[in-house]
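Numbering of the sequence shown is given in this note's numbering, commencing with residue 105 and proceeding in unit increments.
Hints are computed from structural coordinates only; laboratory data are not their basis.
Backbone N, C-alpha and C fix where the C-beta goes; we use that ideal spot for every residue, glycine too.
Just so you know, nobody snuck in bad clues.
Now the in silico label distances, taken between C-beta atoms and shown as ranges: (1) Lys168 with Ile138: 28 to 36 Å; (2) Pro135 with Lys225: 29 to 37 Å; (3) His127 with Glu200: 31 to 39 Å; (4) Glu175 with Lys130: 19 to 27 Å.
Here are the simulated DMTMM-like pairs of lysine to aspartate or glutamate, each with C-alpha atoms no more than 20 Å apart in a straight line: (5) Lys225 with Glu200; (6) Lys146 with Glu175; (7) Lys146 with Glu111; (8) Lys159 with Asp112; (9) Lys225 with Glu185; (10) Lys229 with Glu219; (11) Lys146 with Glu185; (12) Lys168 with Glu188; (13) Lys146 with Glu120; (14) Lys159 with Glu124; (15) Lys159 with Glu180; (16) Lys159 with Glu120; (17) Lys229 with Glu197; (18) Lys225 with Asp205; (19) Lys130 with Glu119.
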Amino acid sequence: MRLCELEDFITSNIEELVRECAHVCKEPHVPSIIIEVNNVYKGCDSCIIYSSLDKLSLPTMNMKTSLGNVEYVVLEDAIIEVLEDGIIIYSLEEFEERINDLRDFGIVSEAEVTELISWIKSILKV
Numbered sequence: 105m106r107l108c109e110l111e112d113f114i115t116s117n118i119e120e121l122v123r124e125c126a127h128v129c130k131e132p133h134v135p136s137i138i139i140e141v142n143n144v145y146k147g148c149d150s151c152i153i154y155s156s157l158d159k160l161s162l163p164t165m166n167m168k169t170s171l172g173n174v175e176y177v178v179l180e181d182a183i184i185e186v187l188e189d190g191i192i193i194y195s196l197e198e199f200e201e202r203i204n205d206l207r208d209f210g211i212v213s214e215a216e217v218t219e220l221i222s223w224i225k226s227i228l229k230v
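Just need the whole structure built from these sequences, with the hints factored in.
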């Protein structure tokens, strides 16, 4: 699945997703979400994206870090980082820099970086 296909899925199912996220989405109107790399999504948008990812059963990997639990979701053209308080979308190129930064700051170990990169490559078949 590509990022644009995720956005299409969200657009097609927005009313159902908003109902599922009613505890977070308190607005009376249905939001419109543009899914782009380098964006941080919080609140209602984050809940809608997370619910979509859950429905699509995409490949995920969970990691415990010093910042809390992090879930990574692999798309054909992006990696989605699901944090406890939001979602960040990275291009494949930028994600490697992100995970190396986490290692350099001691948030994840070298072994965790190696495992995550290996898992991503196996999903993308590179």
